[in-house]
Amino acid sequence: MDMLIQIIVAAVGSGTPLLFATLGGILIERSGIIQLGAEGLMLMGAVVACIAYIHTGSLAAALLAVFAVSALLGVIHGFLTVSLVSNQIVCGLAMTLFGAGLSAYLGKPYSGNPIPGSVPKWDMPGLESIPLIGDLFAHLDVLTWLSFLLVILMHLFIHRTSWGLHLRAIGDNPPTADVMGIRVQAFRYGYIVVGSMLIGLAGADMLLVYSPTWTEGMTAGRGWIAIALIIFARWNPVRALFCAYFFGALDTVGFRFQLLGSHIPSYFLKMIPYLVTILVLMYLGWRNRNKPSGSPEALGMPYIREQRF
Amino acid sequence: MTTSVSVEMSRICKKFGKVMANDQVDFSANAGEIHALLGENGAGKSTMMCMLSGVYRPTSGDIRLFGKSVKIRSPKDAAQLGVGMVFQNFRLVQTLTAAENIVLGEKSSFWRGSKWMRDKQEEIRGISEKFGLPFPVDRPIWQLSVGEQQRIEIVKTLYRGVGLIILDEPTSVLTPGEASQLFDTLVQLKAEGKTIILTTHKLKEVMAVADRISVMRKGRMIHTVDKSATSERELAQIMVGKEMTPPREMAKRQKGKSLLSVQHLDVLAELGRKALDNLSLEVHEGEIVGVAGVAGNGQKELAEVLSGLLPWKRGKIVFNGQEMRTASVRNAIESGISHVPENRMKSGLAGSLGVVDNLLFKSYRTKERSLLGFLRIGSNRRWSQTLVEQFDVKTPDLDTPVQQLSGGNQQKLLFAREIHREPLLMIAVHPTQGLDIGATEGVHRLLTNLRNSGKSVLLISEDLDEVLQLSDRILVIYNGGIIGEMAREEADRERIGEYMAGLRDSGEEAV
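If you read the protein sequences in the order shown, they are chains A and F.
If you count by the working numbering, then the first sequence holds residues 1 to 309, one letter each, in order.
If you count by the working numbering, then the second sequence holds residues 1 to 511, one letter each, in order.
Hints listed in this document are in silico derivations from the structure and should not be mistaken for laboratory results.
The structure displayed is predicted, hence computed values, not measured ones.
It is possible that part of the hints are untrue.
[To be verified] Example chain A residues on the side facing chain F (calculated, C-beta under 10 Å, incomplete):
1. 164
2. 168
3. 294
[To be verified] Straight-line distance between alpha carbons at most 25 Å, and here's what the computed DMTMM-like set of lysine to aspartate or glutamate pairs gives:
4. F:300 - A:297
5. F:107 - A:297
6. F:346 - A:2
7. F:346 - F:463
8. F:202 - F:226
C-beta atoms are modelled at their ideal positions from N, C-alpha and C, and glycine is treated no differently.
Next comes chain A alone, as it looks inside the complex:
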């Protein structure tokens, strides 16, 4: 039992950055833009959080800096994909390579420096006395609580608000949305910026909560896993939560095996999440072969109004 609780707690810990990144990606992709820059954005989020935190000593300032930088990157991505109508896949890959390079350069002087504090924890009153749930939720940091809140808010936003309806429309059928008076380009910009901020926050969360020193390439492919998670979760925030924790658990299982003194080489154990990504994708592809994928229908297709159709 203890072992299980430990695994779940660890899964939530390593799953939260994945969750933030997946939620950000869902928001962007629901608006019809392919988001392949997650890895770069996460790295930038992490390095900016590290630098800002070390220099100002304030967590709030660090987070603000992360939001500002990832919003700026979002605007660039939006400019490229929405205004200039460039290829979204190439833009995303460029974003990843750019983020990886720039974060390595900026982070060099800070590599190995511990950050000056940690994210405060918040105990929900009365929760600790409940068995099991108390153990799971008693000592979570505020960013993790924020991620729970975000899942709920996003779910309600998408399915219960007028803007959510607009979001679903512009991702599935932008010409129709346009005819109905929805400003497709403006909304797409907005969602790219907000989604990029969430992905940046994912990187910051990794640095602030999960492994509190900057190392080059510290996200180790989690941005890519988040992109796979968007597909597993079929663009649904609630499913994204479970998918993220499932992958978080896989991440920690390898670690646990090592602690137990397993003889499996650690490289194999670290490979598990990526291997499972491939297997799950194959399984889902097979199981859903006769179903629509749930992906926004206009995903990856730029929209310009005065086109002859």
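Fit chain F to the given chain A structure using the hints.
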């Protein structure tokens, strides 16, 4: 009744690049009338209406709506000014419900709980019942029929309280029954004082429902008349600019031996849906067999299975005395089946490649065209040149990407490729879709020539006139099966219409 002008467009010009889609067009419509805008495909009707609904902006010219001079910059502007348009390809988001599609774009009420949605659904149901436009409000669009989707589109404009409703080719996707239902609704809307503009190229509809008729040709406005002052024949003449061709005279032919025999064919389409269900048909040598039907009843799958693109689950296909065992395009090509697919730019031609490459697609393997896997460039060009001349394809040169050719020339090119191989059977799907009358005539001539030289044609078309004009025998496809068959002499529109709507059962006929 005093008439008030609700829309007035004057000296409208619209250019797309170098192409003049509308040239100094004047048009006006009154409140409480159904105004038909008549013209062939490409006459510029849709472009005019798109400018009224804010999808395009005019290059020059003035628009006055309900007495005020306006600039319509976007569809949103148009809706606010009281213009609603029902597009030919519906503007509906497939994954959203009918009600969600109708309230789409509405700004009021950021939060939309279940009560809000229930109220809206009630309101929408009210409108749809009042005007006889029934559809399930809470089901996603992709589960609904085309007729229902069109009703949703109309309710969408009514929900926004517009005074001017534009319908772009509204009946092209409907069964005859659905179409007359639609006309009843339009008359009711007219009585409410709405202005209704209907673009179409079908004369019968115009005469059935319109009060006034404007005819466009080649981007210009030719004529506006009251219905009572004109006739179908006169309109046709104005529309095409020359005397209409009468139904094609064809020499009687003896029924040849059976060329293609399809028995009890079942085909599954995407998502496990049954696209063809126990379909049987027969094509003899030297005849044109027309397959009529409303889109989406299995026509596409029928063509694909016969041309080797789609495997079948059950049944038997015998072609030219040989049973086809598996779906193989190459096998189909080599045994003499040609295929002119439904969407020429999607599966017929490669748009960015030149004329020569497109002509080669089905014959590059032959000895004349390639040697040891290398194409014979020089002789292929000469060969292409003769085909281009023979089929009268107008192209700047042989390397022009075919997407730059006009629709008619693309289709001629496609036919050149398919016919020069002297196929035994030509499967032509909507062969004249989007073509002007001259190009259509050319395609029809090619098909009849094939027939007269003893080859067979399976003509799959939604254009009933075309089917009636060309076919020796007419089959009607409904829900993946052939439910009606009649010879050319006994064919009549009404009966075919009933079959198309599934109102008649082939079982009854046989008894």
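Can you list which hints this structure breaks, lowest number first?
6
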